[in-house]
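Asks: Sequence:
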Amino acid sequence: MTASDPTDPVALARRLLAYGSAAVFDAQGRRGALASRIKPLAAGWTVAGPAFTCQCEPGDNLSLHAALKMARPGEVIVCDARGATEQGMFGDVMSSCGKGRGLGGLVTDGGVRDSATIAEVGFPVFAGNICIKGTVKEVLGPLNLPIVLGGVAVRPGDLVIGDDDGVVIVAPEAAEAVLARCADKAAREAALIAALADGATPWDLNGHSVALAARGIVVDF
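Per this note's numbering, numbering of the sequence shown is gapless, rising by one per residue and ending at 202.
It should be emphasised that the hints constitute simulated quantities derived from the structure, not laboratory data.
Remember, predicted model here, so these are calculated numbers, not experimental data.
C-beta atoms are modelled at their ideal positions from N, C-alpha and C, and glycine is treated no differently.
Among the hints, erroneous ones may be present.
[As the list claims (entries may be wrong)] Think about it this way: if two alpha-carbon atoms lie no more than 20 Å apart in a straight line, the pair counts; the simulated SDA-like pairs of lysine to any residue are: (1) K80 with H46; (2) K80 with S96; (3) K166 with W184; (4) K50 with E119; (5) K80 with W26.
[What the hints assert, rightly or not] Quick list of simulated restraints, FRET-style, between CB atoms: (6) A171 with V129: 32 to 40 Å; (7) A192 with V117: 55 to 63 Å; (8) C78 with R136: 18 to 26 Å; (9) L126 with A172: 43 to 51 Å; (10) R82 with R169: 38 to 46 Å; (11) A171 with I111: 31 to 39 Å; (12) A176 with C78: 48 to 56 Å; (13) S190 with S77: 51 to 59 Å; (14) A192 with A134: 31 to 39 Å; (15) L124 with A171: 37 to 45 Å.
With the sequences and hints as input, model every part of the structure.
Replies: What follows is the structure, given as structure tokens:
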């Protein structure tokens, strides 16, 4: 497959990203959203690609160095740092490596540092915190095996979709169905927005009074 092939994992992820992480989350039954503390270091940054997973011991980033070497272009490193937000597990030197190797970005529940220079490099990093404290490089943890990050199970190759709102994980085998539901929702919302522009309200268009009346609650306004 090539990047122009709509079934290519990177292309699939980018098609999902076009709808936004929140829409993707809704379209797959409100599942797959990582913990809300995991956010991009810079506004406007996005990630969209298949996951290369790794797991680090708290305060030890050796597995991240291995992931940078092993991950393929377009893959997003998804690092379970065991929630260690008081260490900077990733910095500007590592981000330069990630960009140079054509990786899609980093998503971690851990802390990172050198945030200003990471922004200058332009390698998308989504993290649980920013912290100046450094790490050791002693323990090599699991690489490209299933992990749990931010309350969500992530398998190697799962699609990682991230924007300013957060990060959502999509199983590749479910991607086309999720895309179809995203497209349907986008069409419905376009019609809704057109009606709102003409003075309607979401209350009436969504039938909230009728729904409440069915439960014996009468709202008169």
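Asks: Each hint should be assessed against the structure and marked as holding or not.
Replies: Hint check:
{"no.": "1", "hint": "K80 with H46", "verdict": "holds (14 Å)"}
{"no.": "2", "hint": "K80 with S96", "verdict": "holds (15 Å)"}
{"no.": "3", "hint": "K166 with W184", "verdict": "holds (18 Å)"}
{"no.": "4", "hint": "K50 with E119", "verdict": "holds (16 Å)"}
{"no.": "5", "hint": "K80 with W26", "verdict": "holds (14 Å)"}
{"no.": "6", "hint": "A171 with V129: 32 to 40 Å", "verdict": "holds (36 Å)"}
{"no.": "7", "hint": "A192 with V117: 55 to 63 Å", "verdict": "holds (56 Å)"}
{"no.": "8", "hint": "C78 with R136: 18 to 26 Å", "verdict": "holds (24 Å)"}
{"no.": "9", "hint": "L126 with A172: 43 to 51 Å", "verdict": "holds (44 Å)"}
{"no.": "10", "hint": "R82 with R169: 38 to 46 Å", "verdict": "holds (41 Å)"}
{"no.": "11", "hint": "A171 with I111: 31 to 39 Å", "verdict": "holds (38 Å)"}
{"no.": "12", "hint": "A176 with C78: 48 to 56 Å", "verdict": "holds (50 Å)"}
{"no.": "13", "hint": "S190 with S77: 51 to 59 Å", "verdict": "holds (57 Å)"}
{"no.": "14", "hint": "A192 with A134: 31 to 39 Å", "verdict": "holds (34 Å)"}
{"no.": "15", "hint": "L124 with A171: 37 to 45 Å", "verdict": "holds (43 Å)"}
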